[in-house]
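Could you build all of it, start to finish, from the sequences and the hints given here?
Here's the letter readout for the chains.
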Amino acid sequence: MQNNLLICGVGGQGIVLTSKLIAGTAMHRDIPVMSAETIGMAQKGGSVFSFLRLGEGMYCPMFPEGSADLIIGFEPAEAVRMLPYLKKGGKVVVNTHPIMPVTATLKGSDYTGREMLSYLTEHVPDAVLLDGDAACREIGSPKVLNMIMLGAAVRCGVLPFSVEEIEETMRRTVKEQFHALNSRALHYEKRG
Amino acid sequence: MHKEFLMGNAAIARGAMAAGLNRVAGYTGTPSTEVLETAARCRQDALYVEWSVNEKAALELGAGAAYCAARTMVTMKQVGLNVASDPLMSLAYIGVKGGMVILVADDPGPISSQTEQDTRHFASFSKLPCFDPSSVQEAYDMIQDAFAYSEQYRTPVLFRPTTRVCHGYASIEVKDPEECEVHAPEGFVRDPSKWVIFPRLSYQAHLSIEKRNTELSGVFSEYAHNLVIPETAPDCRRGIATHGISYTYTMEALSGRQAPRVMKVSTPFPFPEQAALRFLEGLDEVLCIEELDPVIERELTYLCGKHHLPTRILGKLTGHVRAAGENSCASAAADIAAFMGWEAPAGTETAPPPPLPVRPPVLCAGCPHRASFFAVKEAMKGKKSVFCGDIGCYTLGNAMPLDMVDTCLCMGAGVNITQGIGRIEPDTHCFAFVGDSTFFASAITGAVNAVYNQADMTLVVFDNSTTAMTGHQPHPGTGRTMMGEVVEKVSIEAVLRGVGVTAVETADPLQLQEAVECVRRVDAQPGVKAIIFKSPCAVLIKSGKPVSIDPAKCTQCKRCIRSLGCPGLVLRDGRVAIEQSLCTGCGLCAQVCPFTAIGGDDHAE
Chain A
17 MQNNLLICGV GGQGIVLTSK LIAGTAMHRD IPVMSAETIG MAQKGGSVFS
67 FLRLGEGMYC PMFPEGSADL IIGFEPAEAV RMLPYLKKGG KVVVNTHPIM
117 PVTATLKGSD YTGREMLSYL TEHVPDAVLL DGDAACREIG SPKVLNMIML
167 GAAVRCGVLP FSVEEIEETM RRTVKEQFHA LNSRALHYEK RG
Chain B
2 MHKEFLMGNA AIARGAMAAG LNRVAGYTGT PSTEVLETAA RCRQDALYVE
52 WSVNEKAALE LGAGAAYCAA RTMVTMKQVG LNVASDPLMS LAYIGVKGGM
102 VILVADDPGP ISSQTEQDTR HFASFSKLPC FDPSSVQEAY DMIQDAFAYS
152 EQYRTPVLFR PTTRVCHGYA SIEVKDPEEC EVHAPEGFVR DPSKWVIFPR
202 LSYQAHLSIE KRNTELSGVF SEYAHNLVIP ETAPDCRRGI ATHGISYTYT
252 MEALSGRQAP RVMKVSTPFP FPEQAALRFL EGLDEVLCIE ELDPVIEREL
302 TYLCGKHHLP TRILGKLTGH VRAAGENSCA SAAADIAAFM GWEAPAGTET
352 APPPPLPVRP PVLCAGCPHR ASFFAVKEAM KGKKSVFCGD IGCYTLGNAM
402 PLDMVDTCLC MGAGVNITQG IGRIEPDTHC FAFVGDSTFF ASAITGAVNA
452 VYNQADMTLV VFDNSTTAMT GHQPHPGTGR TMMGEVVEKV SIEAVLRGVG
502 VTAVETADPL QLQEAVECVR RVDAQPGVKA IIFKSPCAVL IKSGKPVSID
552 PAKCTQCKRC IRSLGCPGLV LRDGRVAIEQ SLCTGCGLCA QVCPFTAIGG
602 DDHAE
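The listed protein sequences derive, respectively, from chains A and B. Each residue of the first sequence is one higher than the last, beginning at 17 in the numbering used here. Each residue of the second sequence is one higher than the last, beginning at 2 in the numbering used here.
Cut-off 25 Å, straight-line C-alpha distance, at most; resulting in silico cross-link-like pairs (SDA-like, lysine to any residue):
no. : chain 1 : residue 1 : chain 2 : residue 2
1   : B       : Lys-382   : B       : Arg-424
2   : B       : Lys-4     : A       : Glu-181
3   : B       : Lys-554   : B       : Glu-379
4   : B       : Lys-176   : A       : Thr-185
5   : A       : Lys-159   : B       : Gly-586
Just a few of them, taken from the derived set where beta-carbon distance is under 7 Å, the chain B residues facing chain A:
no. : residue
6   : Phe-6
7   : Ala-171
8   : Glu-253
9   : Ala-331
10  : Pro-355
11  : Leu-357
It is worth saying that the hints were derived from the structure and are not from the lab. Quick reminder that beta carbons are idealized off the backbone N, C-alpha and C, glycines included.
Below is the structure:
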């Protein structure tokens, strides 16, 4: 049994920690885990991604297109950029709040993310759309987007563990002062 | 043994420590940086760790420690080895007493480097044994072997991972503390016949090095990490030779199939000839899947000639594998399918997506480099000028709208390139931009050269008190060492004055008008002059309150956006807005706005 995950977004959105929490939970359960992520110059406002694989018989942390069981997209266009990696029937969880690239601002283009979301829902009808910005405001911190996304991703049922198990890993790895806030974010579910 | 989830670079450091590492020195550079950082973070009393001022210094210090029978590691990225190549070539002849591993991380792609050079060539050029791990676990295991071979054969060895191994993570088997070696260096034993390089000694050493390498080729043919995996396809007379991360791509592509014979080369030099001959036996065709240069392909081609084998060797040289760039699971699968005559892996057949926003790396919101570039741009407006850049975050000053980097070559080159341009174009205002860490690493000689040879130029040092690009390492100007000591800061201004630059001014680039005037004043003077733009990296300081825009005053002229290109300035529904999550309140845009529409705390909302 293997799980291939792809977490993608823009530098600074907390993707690395998300990946670490999933890996830490797998370690705790004695499931072999590998990951690979963007490091270096590309982090500065660029597209970032983290490949994550759980299970036996893996050689490398990356996987080819058409192999991801789950894509966690922290930004609509970044989710679309990585969509070729999704395997048939794979799940997508995406934050609907777009992040403007500096180049779009310079050229005066008005990227809204809406065109990306309609493309996404057209190709992945059961994609979970989540307004991460609104959720952060509701929880009261702009820094919990990654926990909100992670909680929603775990609830998709692709990963072999529960939100509670992720929460335990979070408590083991993150500073205590952030525990309560992160827990609320992990358990956040859009009402209505 | 126990399991840990480690980054490849961390595994290398931990493996070296398990082998009794005594000292490590290096110069920061992606993708090698985390090796030394991990050693510093996990270090115990017996381990000394330093960021040296550059790779040459690090390697020479490593040599000294290894002469004392200490187990030493020197870390750098591939282009760093160019800087350290002078001591490297000679040290290969002198040898060492304690195990010495020179870790050089290669960067196929390249992802964060100037070149796609292949350190495996440096291994054969310098005649030093080289190890090439394919995974995080192998990196942990093989670095320990590297120390053992180094000490046994009294030679420095190269350890050459690539980016995907360095930055990949995996849950791996790690030794418990009581399983780790502890090594006590015996100290320096005076012996000029051994440690002083002379032509006669070099001649003798050359003979014994060649003999040793022939022996090592045999030893490496039995090395457990040089694998030959038998074919599972019946009567298959094809084979694949590969290495490093490409080996894992190959195995992923072959998994679940009737596979050809596979050879993984983990010691590209000295090449394991006997193992390769066993691999080649009975094969009609071999595909070499390599990154960077076709090293294995050339070795196998040579072996086929030497032994009159009929095997055809295919790869980069024959156009069967792409000559440049990094491999991937997909590229390896496609190359293998073409080679084996398998059906090509199916591509995804979805409709093309809407145009995706491009996200090139940019200077961060609040980055003082943006202010420095803009000040020089303003001051030199309408004047014939040239702006020579260098290696660091500030290379990003080349992007629109700043567009302030005309050249970038290698560490510390800008200060000399600008002199060269000045010699041909005496009417050009010649500038060189260099960061503080790069200044210490390799721009000081350029400054001395300029003074000595009477150049007419302005050296602009972007002093943000850190090595920002590679993740904020300390350097001589920061007053902190990797051992955690607080030391006297080396003053850039004092260094420049010391080498004879008389016109040196220090300015805060975020005070725009004063910064522009400073540039005009300094540029107007003859000879070599310098400006130190001093302002800390925006990532390291607590952000100020974001600025705000007064909608009554803002005319939507977009001058702020068009001149600065700050990610904190965005268009929202066609109107200029501040991205609150990014703005650090540096205030540069407020000073650029012609209508005083942007302001800080005291600004009318």
